[in-house]
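2 protein chains.
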Amino acid sequence: MDKLKLIHDMAVDNGSKIVLLVMDGLGGLPMQAGGKTALEAARTPNMDALTARASLGLSDVVAPGFSPGSGPGHMALFGYDPLENLIGRGVLEALGVGFELRPDDVAIRCNFCTIDADGNITDRRAGRIPTDEATKRVELLRQIKIPGVEIFVEPVKEYRFAVVLRGEGLSGDIDDTDPQRTGVPILPVTSRTPAAEKTAEILRQFVAAGEKLLADHAPANAFTLRGVAMDPGLPKFPEVYRMKSAAVAVYPMYKGVSRLVGMDVIVHDAESPAEEFAVVKEYWDKYDFFFVHIKKTDSYGEDGNFEARKKVIEAVDAALPDLLALKPDVLVITGDHSTPAALKRHSWHPVPILLAADTVRNDPATEFGETACLHGSLGHIRHTDIMPLALAHALRLGKYGA
Amino acid sequence: MDKLKLIHDMAVDNGSKIVLLVMDGLGGLPMQAGGKTALEAARTPNMDALTARASLGLSDVVAPGFSPGSGPGHMALFGYDPLENLIGRGVLEALGVGFELRPDDVAIRCNFCTIDADGNITDRRAGRIPTDEATKRVELLRQIKIPGVEIFVEPVKEYRFAVVLRGEGLSGDIDDTDPQRTGVPILPVTSRTPAAEKTAEILRQFVAAGEKLLADHAPANAFTLRGVAMDPGLPKFPEVYRMKSAAVAVYPMYKGVSRLVGMDVIVHDAESPAEEFAVVKEYWDKYDFFFVHIKKTDSYGEDGNFEARKKVIEAVDAALPDLLALKPDVLVITGDHSTPAALKRHSWHPVPILLAADTVRNDPATEFGETACLHGSLGHIRHTDIMPLALAHALRLGKYGA
Chain V
0 MDKLKLIHDM AVDNGSKIVL LVMDGLGGLP MQAGGKTALE AARTPNMDAL
50 TARASLGLSD VVAPGFSPGS GPGHMALFGY DPLENLIGRG VLEALGVGFE
100 LRPDDVAIRC NFCTIDADGN ITDRRAGRIP TDEATKRVEL LRQIKIPGVE
150 IFVEPVKEYR FAVVLRGEGL SGDIDDTDPQ RTGVPILPVT SRTPAAEKTA
200 EILRQFVAAG EKLLADHAPA NAFTLRGVAM DPGLPKFPEV YRMKSAAVAV
250 YPMYKGVSRL VGMDVIVHDA ESPAEEFAVV KEYWDKYDFF FVHIKKTDSY
300 GEDGNFEARK KVIEAVDAAL PDLLALKPDV LVITGDHSTP AALKRHSWHP
350 VPILLAADTV RNDPATEFGE TACLHGSLGH IRHTDIMPLA LAHALRLGKY
400 GA
Chain Z
0 MDKLKLIHDM AVDNGSKIVL LVMDGLGGLP MQAGGKTALE AARTPNMDAL
50 TARASLGLSD VVAPGFSPGS GPGHMALFGY DPLENLIGRG VLEALGVGFE
100 LRPDDVAIRC NFCTIDADGN ITDRRAGRIP TDEATKRVEL LRQIKIPGVE
150 IFVEPVKEYR FAVVLRGEGL SGDIDDTDPQ RTGVPILPVT SRTPAAEKTA
200 EILRQFVAAG EKLLADHAPA NAFTLRGVAM DPGLPKFPEV YRMKSAAVAV
250 YPMYKGVSRL VGMDVIVHDA ESPAEEFAVV KEYWDKYDFF FVHIKKTDSY
300 GEDGNFEARK KVIEAVDAAL PDLLALKPDV LVITGDHSTP AALKRHSWHP
350 VPILLAADTV RNDPATEFGE TACLHGSLGH IRHTDIMPLA LAHALRLGKY
400 GA
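As you go down the protein sequences, you meet chains V and Z in turn. Mapped onto numbering that gives the first Met the number 0, the consecutive letters of the first sequence carry residue numbers 0 to 401. Mapped onto numbering that gives the first Met the number 0, the consecutive letters of the second sequence carry residue numbers 0 to 401.
Treat the hints with care, since some could be wrong.
Straight-line Cα separation of at most 25 Å, DSS-like style, residue types lysine-lysine; simulated pairs [as the list claims (entries may be wrong)]:
1) Lys294/V to Lys326/V
2) Lys16/Z to Lys343/Z
3) Lys343/Z to Lys398/V
4) Lys243/Z to Lys4/Z
5) Lys398/V to Lys4/V
6) Lys2/V to Lys2/Z
7) Lys4/Z to Lys280/Z
8) Lys156/Z to Lys398/V
9) Lys243/Z to Lys294/Z
10) Lys211/V to Lys135/V
11) Lys343/Z to Lys16/V
12) Lys326/V to Lys343/Z
13) Lys16/Z to Lys243/Z
14) Lys398/V to Lys243/Z
15) Lys310/V to Lys343/V
16) Lys326/V to Lys243/V
From chain Z, some residues computed to sit far from chain V (all C-beta separations above 10 Å) [claimed, not checked]:
17) Ala51
18) Arg88
19) Gly182
So, partial list: chain Z residues that the calculated Cβ filter (under 10 Å) puts toward chain V [stated by the list, open to error]:
20) Gly27
21) Pro29
22) Asp59
23) Val60
24) Phe65
25) Ser66
26) Ser69
27) Met74
28) Pro81
29) Ile86
30) Gly95
31) Thr370
Derived from the structure by calculation, the hints contain no laboratory data. Only a predicted model underlies this, so the values are computations on that prediction, with no experimental measurement involved. Using N, Cα and C, we set each Cβ at its ideal position, and we do this for glycine too.
Please take these sequences and the hints and turn them into a complete structure.
Dropping the structure here:
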C-alpha cells in the first residue's frame, strides 16, 4: 500500500488554500518541573483566539522516543514517511549551505582530519579548526580537476565541508571512509555496487589530489568522506497533493528540502516572521499551498535560551493577523520536532499542533500549548498524518473506496 | 504479520455474546462552531446511563484525514484492514442492489452512455436518464445469451446498472472501458492477465450484442464497464473470531457486505430500530455475535438534515432497553464513519465509540458524545481495533505469547 499514491488518487483541486506554518523545534519543556513551556509562557492572544475554530493535538514526528533531525522532521511534515525516506547526509549538507543540487548530482559530507607521517588519523576533526581556516583549505581543494566530472567544494562549518560531483553515470553507493577512530588510516574509497565504481574511482583521485594539496596544512592535512548520497527522487509534493506549492524560508537547509520535494522556493530578503508573512501575501494568488518556516525557535532552544525562544513565538503571534487576513481555508501551526531550552537539543517529545479551519470538530481548548493540546480533538497523531488532515479539512480529499 | 490469524489463534468460544450496533455515519459536527453534534444534541438517557459501565473513545476508520466509503468503513468495523482489503466497485454495486453474489462470480459496475454515429462518447452518463428508463434498457440487455456463462443484469439507479457473470474460470482482472472523457470512443475490453482473457472475450461479445440492442435507444445507446471485480475471498468472520455471527440490516449494501465476510444475514421485514432489535431478540439464542445496522443516521447526514439525524439517534436510544434486556456481555455502539449534516458528506472526523461490558476500565464520561469520547478510556483508536477490543472485553481472547 503506497499511502502517497492513495492520497494522490483521492486529491481534488478545489482552489482552497492551505498554510503550513512551522516554528522549528516548537515543542518544549518547562525549565523547572511544574512550570510552563516556552509556547505556554509566551503571550499569544492571536493563536489562543484561533482555538475557537481549531482542532488541537500532539504529534510524534517519527515514532515515540525518536528525536528527529531537520531532514526527517520536514520529510514527515510534508507527508513522506521519514523511516522510508531518509535523505542522505551528503545531500542535507549540500542543501544546508544553499547549494542548488540537481537530481543526478552526488553530494558528500566531508570532515577535515589530521593524519601523522604514517597516514594514521590523530584527530578526526582536525582540532575543530575555525571556519575561516577550513575555507582556505576548501579553496585549495577547488583546484582539483578530474576529466568528465564537475566538482564543487563548499565550506560548511569548522572542520566540515561538502563536495558535489556533477556528471554522467554517477552513483551514491559509496562507503564512508571515516574509520570512526584514531590511530588507523583513512579507509580506501569502496563502491557498494559495480555501477558505483566509476564514482569511486573519481573520489579516489579526488582524495589523492586533495591529500597532496593539504600535505603542509596540518592540522587539516587530510579529510574523510561520509554520507555519499544523491537526491532520493521523491514523488513531487505539488503533484502528490495537486497543489501549486511554495516555500517561504530564511535558512538554506529548509529551502533545500522544499526544493527537493518540488516546491517553488520563493526568493526574498525577509527575515522576521512579519516579513515572511508579507512574502506569503505577495504571492497569495499564485499558490494553493504555502510552507512557512520560522527558524529561531529552534536556534534559541539549542542555545538553552528560553526567554529568546518565547519572544520568537510572541513575534510570530503578533504578526499572525497578517496571515489570517489572507483567509487561508486551513492554517496549520506546528513544529518539525521539539527543542526544549531545558535540554539544549532536539528532543522526542510530541509536538503541539493547531489546525484552524471551518470544518474542524472543535475542542474545549482556549489556548495553544502543550498541555491544552493533550486534550485536543486531533488526538495523538503522527507527523505524516498532518498533510492528509490539512487536505481533508480543506475539502481537498474525496472518499476512500465506495 | 497477519493480524486476523493472530486473533484467530487467541480466540476462544466461551459462549459470551457481543452486539455491534452501528449507526451509519454516526460521527458529526455542530451546525455552528461551539454548538453540539447530533449525538450530543439528541436526548439519549439510555446511552448516557450506559457510560457508568462503559469505556468511550474516538476511532479513525482508515487513517487520519481519510473519509471512508461504506465498503472500507464496514471492512474496518469487521476487523479487516481497509487499506489491504478494498472491495471492488463492481462487487459493492451488485451487493448494493441485493444481488446474492457467489465466490466465483465476476461483478461489473456499468454506466449507460451516449455515443454518436462515429462511436464517440457524447455523454458519459446518458443524460442521467431516470431509473425506469434505464430499467427498460436493462431488460433488453437481459436477452443476451453467451454460451458457457450465465449473465445477470440489474438496474441500480439512473444511468448505473450492474452485470454479474457466473461460470467457470472467470477473472476480475479486466480494465475499465470508460475513457473518462467525451469525444473519444469507448475503450476496448482488455485483460490484465492471460487468465482473464476468457472473461475479456465474454465481455467483448456482451458489449457488441448490447450496443446492437441499444442502437435505437439514445441517449442510452451504449455503456461502459467499470470496477470489474470478484469476491475478494476474505477469511470468514465467524471462523476468524470463532463466533456464530448474524447481521440485522435493512439496506441491501450492508446485508451484502455481511454476507461477503460470511455472516448469516437474517431475513426480516423490520425497518425501525425497535423492530431491528426485536429481530435480534428473536434470534438471540442462535448466535454469539450480532451486527445491527441503522442506516438513516447517514442518509439524513448526507441530506444536511441535522434534526432528522438527531431523531434517529433518539429512536435508537428509546429502543435500547430492549437490546440491553438481552444482557449482551459486550455492547459496542459506534459508526462506520462520520457524516456531519454540516458537510452533507462522509467525513474524516474520528467516530465516537462506546463499549459497555463488566470488564471495562471505566472513565469519567457521563454521556455519549464526541466531546465526552475525547477523554474516554479507550483513547484514540483505529476501527480495526474494535473487534479485538470487543472480543477481549467478552473474555474471548486468550494470551498473546507465553
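Hint by hint, here is what the structure shows:
no.: 1; hint: Lys294/V to Lys326/V; result: 24 Å, holds
no.: 2; hint: Lys16/Z to Lys343/Z; result: 35 Å, violated
no.: 3; hint: Lys343/Z to Lys398/V; result: 13 Å, holds
no.: 4; hint: Lys243/Z to Lys4/Z; result: 18 Å, holds
no.: 5; hint: Lys398/V to Lys4/V; result: 14 Å, holds
no.: 6; hint: Lys2/V to Lys2/Z; result: 20 Å, holds
no.: 7; hint: Lys4/Z to Lys280/Z; result: 31 Å, violated
no.: 8; hint: Lys156/Z to Lys398/V; result: 20 Å, holds
no.: 9; hint: Lys243/Z to Lys294/Z; result: 23 Å, holds
no.: 10; hint: Lys211/V to Lys135/V; result: 15 Å, holds
no.: 11; hint: Lys343/Z to Lys16/V; result: 21 Å, holds
no.: 12; hint: Lys326/V to Lys343/Z; result: 23 Å, holds
no.: 13; hint: Lys16/Z to Lys243/Z; result: 10 Å, holds
no.: 14; hint: Lys398/V to Lys243/Z; result: 32 Å, violated
no.: 15; hint: Lys310/V to Lys343/V; result: 17 Å, holds
no.: 16; hint: Lys326/V to Lys243/V; result: 17 Å, holds
no.: 17; hint: Ala51; result: 22 Å, holds
no.: 18; hint: Arg88; result: 5 Å, violated
no.: 19; hint: Gly182; result: 22 Å, holds
no.: 20; hint: Gly27; result: 8 Å, holds
no.: 21; hint: Pro29; result: 7 Å, holds
no.: 22; hint: Asp59; result: 8 Å, holds
no.: 23; hint: Val60; result: 9 Å, holds
no.: 24; hint: Phe65; result: 5 Å, holds
no.: 25; hint: Ser66; result: 5 Å, holds
no.: 26; hint: Ser69; result: 7 Å, holds
no.: 27; hint: Met74; result: 8 Å, holds
no.: 28; hint: Pro81; result: 7 Å, holds
no.: 29; hint: Ile86; result: 7 Å, holds
no.: 30; hint: Gly95; result: 9 Å, holds
no.: 31; hint: Thr370; result: 7 Å, holds
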